[in-house]
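With positions in the sequence shown counted from 1, the corresponding number in this note's numbering is that position plus 2.
Worth flagging that the hints you see were computed from the coordinates, not collected in a lab.
A few of these clues could be false.
[To be verified] Distance windows between CB atoms, simulated: (1) Phe-25 to Asp-82: 23 to 29 angstroms; (2) Glu-100 to Phe-25: 41 to 47 angstroms; (3) Cys-52 to Lys-99: 32 to 38 angstroms; (4) Gly-101 to Glu-20: 25 to 31 angstroms; (5) Ser-91 to Asp-5: 31 to 37 angstroms; (6) Glu-95 to Cys-52: 41 to 47 angstroms; (7) Ile-6 to Leu-88: 34 to 40 angstroms.
[To be verified] Listed next, the in silico DSSO-like pairs over lysine-lysine satisfying Cα-Cα at most 27 angstroms (straight line): (8) Lys-56 to Lys-72; (9) Lys-56 to Lys-24; (10) Lys-24 to Lys-13; (11) Lys-23 to Lys-56; (12) Lys-99 to Lys-56; (13) Lys-56 to Lys-13; (14) Lys-13 to Lys-23.
Given the structure is predicted, the values throughout are model-derived calculations rather than measurements.
Just so it is clear, CB atoms sit at the ideal spot from N, CA and C, and this is done for glycine as well.
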Amino acid sequence: MADIACQDAYKLYEEAVEILKKFNLNEQAVEVLLVHLESLERGVEFATRCDDTKVWSRLGRAQLDANYIKEAVESFIRADDADSYLQVSIFFERVTKEGSRKN
3 MADIACQDAY KLYEEAVEIL KKFNLNEQAV EVLLVHLESL ERGVEFATRC DDTKVWSRLG
63 RAQLDANYIK EAVESFIRAD DADSYLQVSI FFERVTKEGS RKN
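Kindly produce the complete structure, drawing on both the sequences and the hints.
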């Protein structure tokens, strides 16, 4: 049902989030918040409420993509997600190289 609500023809994203939350499909709910509604703020609120490690990890990736490094690291720590260490390292390396080209 939530998949139907997220289709481009309907764009019932708020309804999809509520359906997914009702059935404790937290990873899918945060995905709708982050991708369809483009709301990191609501993603943080949701992650705080459900305190699901997979939700924190997905939120951390979204924060990293949006260049919110400090917040991403905090989310990865709350997710106990050591695999994301590599993502953060690659990001810092890229930013450092870009910064040195500007100088």
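For each hint, the structure was consulted:
For the pair Phe-25 and Asp-82, the supplied restraint of 23 to 29 angstroms holds, since their beta-carbon distance comes to about 24 angstroms. Evaluation of the 41 to 47 angstroms hint for Glu-100 and Phe-25 yields a pass: the beta carbon distance comes to about 42 angstroms. Range check, Cys-52 to Lys-99: Cβ separation about 37 angstroms, and the 32 to 38 angstroms hint holds. Taking 25 to 31 angstroms as the suggested C-beta distance range, the pair Gly-101 and Glu-20 does not conform, at roughly 42 angstroms.
Against the hinted window of 31 to 37 angstroms, the Cβ-Cβ separation of Ser-91 and Asp-5 comes to about 35 angstroms, which satisfies the hint. Range check, Glu-95 to Cys-52: Cβ separation about 32 angstroms, and the 41 to 47 angstroms hint is violated. At about 36 angstroms, the CB distance of Ile-6 to Leu-88 agrees with the hint of 34 to 40 angstroms. In summary, the hint linking Lys-56 to Lys-72 is supported, as the alpha carbons are separated by about 18 angstroms, within the 27 angstroms threshold.
With a CA separation close to 17 angstroms, the supplied pair Lys-56 and Lys-24 stays within the 27 angstroms bound. Distance check on the hinted pair: Lys-24 and Lys-13 sit about 19 angstroms apart at the alpha-carbon level, within 27 angstroms; holds. Proposed proximity of Lys-23 and Lys-56 is supported: the alpha carbons are some 14 angstroms apart, at most 27 angstroms. Between the alpha carbons of Lys-99 and Lys-56 the distance comes to roughly 31 angstroms, so the proposed pair goes past 27 angstroms and is violated.
Note on Lys-56 and Lys-13: the hinted pairing holds, with a Cα-Cα distance of about 25 angstroms set against a maximum of 27 angstroms. Among the hinted pairs, Lys-13 with Lys-23 is consistent with the structure: their alpha-carbon atoms are about 17 angstroms apart, no more than 27 angstroms.
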